[in-house]
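Asks: One-letter residues, chain by chain:
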Amino acid sequence: MKRFVYADNAATTRVSEEVVAAMLPYFSEQYGNASSPYRFGQASKEAIQKAREQVAAALGAEKPLPNRLPEVFFTSCGTESDNWALKGVMHAMAKRGKRHLITTNFEHHAILHSAQALEKEGFSVTYLPVDHEGLITPEQVADAIREDTALVSVLYANNEIGTLLPIPEIGAVCHDRGVLFHTDAVQAVGNVPIDVKAQHIDLLSLSGHKLHAPKGIGALYIRKGVVLPSLIDGGAQEFKHRAGTENVPYIVGLGTAIEAACRDIPARAARLQAMRDRLIDGILERIPHARLNGSRTRRLPGNVNFSFEGIEGEGMLLWLDQEGICASSGSACTSGDLDPSHVLLAIGLPHGVAHGSLRLSLGDDNTMEDVDYILEKLPPIVERLRAMSPVWERILAGEPVE
Amino acid sequence: MYSEKVMDHFTNPRNVGEIPNADGVGEVGNAQCGDIMRIYLKIDGGVITDVKFKTFGCGAAIATSSMATELIKGKRVEEALQLTNQAVVEALDGLPPIKIHCSVLAEQAIKAALADYYTRLGIDPEPLVGKIPNGCDHCVH
Chain A
1 MKRFVYADNA ATTRVSEEVV AAMLPYFSEQ YGNASSPYRF GQASKEAIQK
51 AREQVAAALG AEKPLPNRLP EVFFTSCGTE SDNWALKGVM HAMAKRGKRH
101 LITTNFEHHA ILHSAQALEK EGFSVTYLPV DHEGLITPEQ VADAIREDTA
151 LVSVLYANNE IGTLLPIPEI GAVCHDRGVL FHTDAVQAVG NVPIDVKAQH
201 IDLLSLSGHK LHAPKGIGAL YIRKGVVLPS LIDGGAQEFK HRAGTENVPY
251 IVGLGTAIEA ACRDIPARAA RLQAMRDRLI DGILERIPHA RLNGSRTRRL
301 PGNVNFSFEG IEGEGMLLWL DQEGICASSG SACTSGDLDP SHVLLAIGLP
351 HGVAHGSLRL SLGDDNTMED VDYILEKLPP IVERLRAMSP VWERILAGEP
401 VE
Chain B
1 MYSEKVMDHF TNPRNVGEIP NADGVGEVGN AQCGDIMRIY LKIDGGVITD
51 VKFKTFGCGA AIATSSMATE LIKGKRVEEA LQLTNQAVVE ALDGLPPIKI
101 HCSVLAEQAI KAALADYYTR LGIDPEPLVG KIPNGCDHCV H
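Sequences listed follow chains A and B, in order.
In this text, residue positions in the first sequence follow the working numbering: the first is 1, and each later residue adds one.
In this text, residue positions in the second sequence follow the working numbering: the first is 1, and each later residue adds one.
Think of the hints as simulated: they come from the structure by calculation, not from any bench.
Just so we're clear, the structure is a prediction, and the values are computed from it rather than from any experiment.
A hint or two may mislead.
[To be verified] Cross-link-like lysine-lysine pairs, in silico, DSS-like; alpha carbons within 27 Å at most:
#: 1; chain 1: A; residue 1: K224; chain 2: A; residue 2: K2
#: 2; chain 1: A; residue 1: K2; chain 2: B; residue 2: K73
#: 3; chain 1: A; residue 1: K50; chain 2: A; residue 2: K240
#: 4; chain 1: A; residue 1: K377; chain 2: B; residue 2: K5
#: 5; chain 1: A; residue 1: K87; chain 2: A; residue 2: K98
#: 6; chain 1: A; residue 1: K45; chain 2: A; residue 2: K63
[Stated by the list, open to error] Sample of chain A residues with no beta-carbon within 12 Å of chain B, all distances over it, derived:
#: 7; residue: Y31
#: 8; residue: H132
#: 9; residue: I145
#: 10; residue: E169
#: 11; residue: D281
#: 12; residue: L292
#: 13; residue: E312
#: 14; residue: S329
#: 15; residue: E393
#: 16; residue: R394
We put the CB at the ideal spot given by N, CA and C, even for glycine.
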């Protein structure tokens, strides 16, 4: 029987009932402006305060006190948080003569393009190369740190291949050397236990819509004592750190969502991991010439990413869509670019193989039945596309492909 | 994103396969770019009596291959030479701008197969078919 299987939770997630219910009053009933002094406005301010507490608690940040500078600031999305962290720190530290940034070559575009923008301004950037699983070592970071290094930014978990980076160890190296440390944790929050203090994190970006909150809300954790110039100028919102009238319902939604996602991370991760491993093992059993991208063990609990030699990813997505399955691919055709994903190239995949990648990202709403449905539908799709592929012919004949 | 016609030719591609004793075979593109098209022609008395294709590529690459083979099947060689990528795009009710290169590749694949046909006859194909770009024209690899 045909099903609808949403297996693209790394792209975005369904807003949960719990989150919708928490948000609803703040649209038409409790719609006051949090900056207004009357009680109707102050109720919105209190709702923001509660959400800030929820985010801080989920990250191990300091509990925010009313009218004191907090460590958690709300933004419009993960991309804004990344832009603010990188550009803010680099601009602030440039005044102290520190103009060097260290990051990796397989970050999200929000980081990579911010780093490139900084390079255009004259900052110097080191892009650490990841290994075949998408890992970098704390030693690589240590070796790259210079006198003028202001910031190290390494993503917590890769959005495409799910690799979990050794963040606490990298953070320790940075703090040992007196360098600030930022992590883009958009994919990690709720999937792995995060404690900004114990893990030596100075700045952390997160996004609501990966956690069953709506699109259009994010946050940036900024450790107390780290002062960034604002990215968005205007009113005095967010303690004069981020202007713009607070998006109260969405902030409330993020607070509710992050609390739910971090309530019992081991149990949530174990459930996702069981589905993930069944999917990985099932694909490896059923489809020849399938390559699991990323690490088998250091991996997000819901991430599955394969390359199927001889075929191109978009064709797979279109066929999966015909079967009711939503997934994504790192092929050029789906990136809106003509090159395949920079992440897959960074882990050393040849172009031809990178074009044939498929990401299935499982979430809280998925079930084992969904996994079995994917395992039933995917192999014949791969087979069908291979049957018409001249590249597959060459692979079978043992001829070079590229 | 895609027209119904594109989806039809993607999900039910016409003329997929190979012709073992083809009179002309042409292949364009490369795996780096993510598109390879190979066309097989059977030509009898100057008429294309059969045509098959094999394609590695996205939905549009498969649909344009399918449509291009449909457009030249049963046509005279001289008519097939007149096939343009715009004709393939129009027959598919349009393509997203980023996929236009797939139709260019389909036109080139047909021309490459026709060039091979002329070469086998001992005729220099270049004055008739023109130059077939080596690889594809849309990327830097």
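Asks: Could you run down the list of hints and mark each one as holding or not?
Replies: Hint check results:
no., hint, verdict
1, A:K224 x A:K2, "52 Å, violated"
2, A:K2 x B:K73, "36 Å, violated"
3, A:K50 x A:K240, "19 Å, holds"
4, A:K377 x B:K5, "24 Å, holds"
5, A:K87 x A:K98, "13 Å, holds"
6, A:K45 x A:K63, "16 Å, holds"
7, Y31, "37 Å, holds"
8, H132, "20 Å, holds"
9, I145, "34 Å, holds"
10, E169, "36 Å, holds"
11, D281, "27 Å, holds"
12, L292, "20 Å, holds"
13, E312, "5 Å, violated"
14, S329, "10 Å, violated"
15, E393, "7 Å, violated"
16, R394, "9 Å, violated"
The structure fails to meet hints 1, 2, 13, 14, 15 and 16 from the earlier list, while all remaining hints are met.
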